[in-house]
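Protein chains in written order, with the numbering used here: chain A, 4 to 304; chain B, -13 to 439.
Among the clues, some could well be false.
Claimed, not checked - Rough simulated footprint, nothing fancy, chain A against chain B, three-plus residues with beta-carbon under 8 Å:
#	region
1	197 to 208
2	263 to 277
Claimed, not checked - Which chain A residues stay away from chain B? Per the calculated CB distances, all over 10 Å, these:
#	residue
3	L47
4	Y48
5	R111
6	V119
7	P128
8	L182
9	L185
10	Q211
11	L220
12	F240
13	V296
No lab work stands behind these hints, which were simulated from the structure alone.
The structure presented is a predicted model; accordingly, all values stated were derived computationally and were not measured.
Cβ coordinates follow ideal geometry from the N, Cα and C atoms, glycine included.
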Amino acid sequence: MSAATLAAPGAGFLRRRRRGYRLLTLPALVVVAAVIVFPWLFTLYMSAFDWKIGEAAHFVGLANFANLAVDRRFLEAIVHTFYFTLLAVVIPLVAGTLAALVFHRQFRGRGVLRAVFTMPMMATPVAVALVWTMMFHPQQGVLNYLLTSVGLPPSQWVYSPTWVIPSLVMVEAWHWTPLVMLIVLGGLASLPTEPFESARIDGAGEWQLFTYVTLPLIAPFLMMAAVIRTIDAVKAFDTIFVISQGGPGTASETINIYLYLQAFAFYNMGKASAMVVVFFAIIVALALLLLHVRQRLKWTG
Amino acid sequence: MTDRKRDPSLDKTRRRLVQAGAGAAALGALPGTAIVAAHAQGAFDWKRFKGQKLEVLLTKSPRGDLLTKYQKEFEELTGIEVGSEMIPEQQQRQKAVIEFNSGNPSFDVINFSYHVQKRQFAKNNWLNDLRTYIKDPSLAAPDLHFDDFAKGGLNYAMEPDGRVMSLPFNLDPWIIYWNKEIFAAKGVAYPTSFAEIVNAAAKLNDPGKGISGFVGRGLKNANVPVWTSFLLGYGGGFIDANGKLITDTPEAIESAKMYQTLMSKYAPSGVAGFNWNESQTLFLQGKAAMWLDGIGFAQPLEDPTKSRIVGKVGYGVMPPGPKAQVSALFADGIGMSSFSKRKGPAWLYLQWACNTTNQARMLQAAAGAPVRSSAYALAQKSADFKSPKEWVDCMLKSAAIAQPGLPVIAPVTEFRDVFGIALTNMINGADAATELKKATVEFQPVLDKSEKA
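Please construct the entire structure, taking both the sequences and the accompanying hints into account.
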């Protein structure tokens, strides 16, 4: 609606009314300022100090950032975070899509099986992590029992520096594939049937149907799932902390884990704040990238 | 504990405490006599702070549970109303730092672990010196005998200048759990030296049968005390008189190599990620010949519903190393906040919490290993006391040879982290000397900064 044309007779009244409207946004603004803007600015401020809880703070300017740039552990943590995120997005995405395709078909017991498949999602992450920790145990765990009972060599799982991240991703994938499945299933259900029918008439096979019709049509839903998974994977903490605590050594130490150590185990608040700032920059960059990709994948509009 | 009475260094400790307890005039006398004398005047009275309130901050642990459970007893004894809060260790440590830092903590009494918080508390003067209270005959309970407290615990409770900042409460010396059946099957005896530990591990290691010669913590941070158990026996230490780390000396490297050998050759695969619980699981199943860890695991090991090796567990005192026989010690204590406005009631609570009855309850509930030797005697008289006698003997012997298992510094978590990573890397094949040098170089500035601040 256009306020200007309506406002002709009683402009003053409307202007006053509009001021009233602005006033109404105030509570929201205050809340946002208090819980988002202020902590953010305070973090930025703290990142310029050398401050350990319990000691005096010294202003150090950008020294915290300069130190981070040469902190091997931090740089490795960034690499681990990306590695973990990549796997923890791609694997559930592929598996979830496959599951959705299966559950989209009509077969007996579909409803029950769908419900069973979504159950992992409802479990508490820490409880899930604890159960997996037991299953990963190289001598007593059920996973190695299964491997050896089919004649495969046992693995060290999360106890090996090389396999720890893929193993952690396995837990994430088990936990969150159902979420991707639900999103994609919703997408599949909403698709029009005409394109499929015409493609069939044109003689498309199952694989062609999937790659040329289904996949492009559900792309926006996949994108949605990818965004949600990325957010979850980047901020993953509980699974890693409970199962490996970033180990063995620092082999699975992500930014979050290192950040937690610096802030709440070593109490280096200045350094931790600087890490948060860098982490935030990385997340913003990642978000922009995703938005860009999403814009290109739009099939409506 | 009789040999401890003859220990000359204990006499020194006692004398220092007596100095604290009865002033310079009573030098050489036992604190007990000063207290008895005071008691004769009838001055001590549990009820003297009747009607006051007290706030206590405890750590969530079986010991915290006990103090909370029997709190009513204290309230009835003294007429003091107690509000106690019990929160998980990690959060409790954070809360303590933040609240002490504010200058107005919500608690008067705090239970804390020496190996993590002692230096931090001392540096900031967050705890109140107890000597004036110990000295005051009207305030010290008649059963507060310091010669009843284990030396290791008292050392932890005191500052180098003689101030008594807390009462020690629970000890956790490190011992070797050994599976007697596995040892007997190969005709191997319990090791009497470090070299024999390695030899025994080599002989008993039998991967074909799924039996490891040795198991212990490999997980970074958690693993440091395993190494320091060896380090102390090699005559090594943490920091010299000038505040420089001595963690890359030949002794340190030798002990790290011993850790590396045991953990990479004779321990199960994946041990680099083991904490105490994974180690315990393996040992409980009879799949490990030796397990080096804190003393507090007798209960699960002797519990037939959890353990396959009930009655077959040996509780071994850490054998002598090339230079010394030392059991790495961890401990917790209980102190009063220097900001407290209710120090009298707080002092009564400290004495109650550390009395023989409460200490014996700890033993009976398998909630820890008391500092007071009288508690062992009391607990063993009870019919429902289940811990084997061998465990009690091991505890008493270990407490007598115990030394702090970690440096008494403020950034102890960072120390454990940095050296823990070095140790984990060693299990995975890195060179011990290189790793220790790297860790030492990395940690020295952190230490310098913390001691300067």
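Okay, the hints, checked on the actual structure:
1. 197 to 208: Coverage by chain A holds for the region 197 to 208 of chain B (4 residues, Cβ < 8 Å).
2. 263 to 277: holds (count 5)
3. L47: holds (21 Å)
4. Y48: holds (18 Å)
5. R111: holds (42 Å)
6. V119: holds (30 Å)
7. P128: holds (18 Å)
8. L182: A/L182 clear of chain B: closest Cβ-Cβ about 28 Å, beyond 10 Å.
9. L185: With a cut-off of 10 Å, A/L185 remains clear of chain B, as the shortest Cβ separation is near 33 Å.
10. Q211: holds (47 Å)
11. L220: It holds; A/L220 is separated from chain B by about 44 Å at its closest Cβ, greater than 10 Å.
12. F240: holds (14 Å)
13. V296: Holds, because the least Cβ-Cβ distance between A/V296 and chain B comes to about 37 Å, which exceeds 10 Å.
Hint compliance for this structure: every hint is met.
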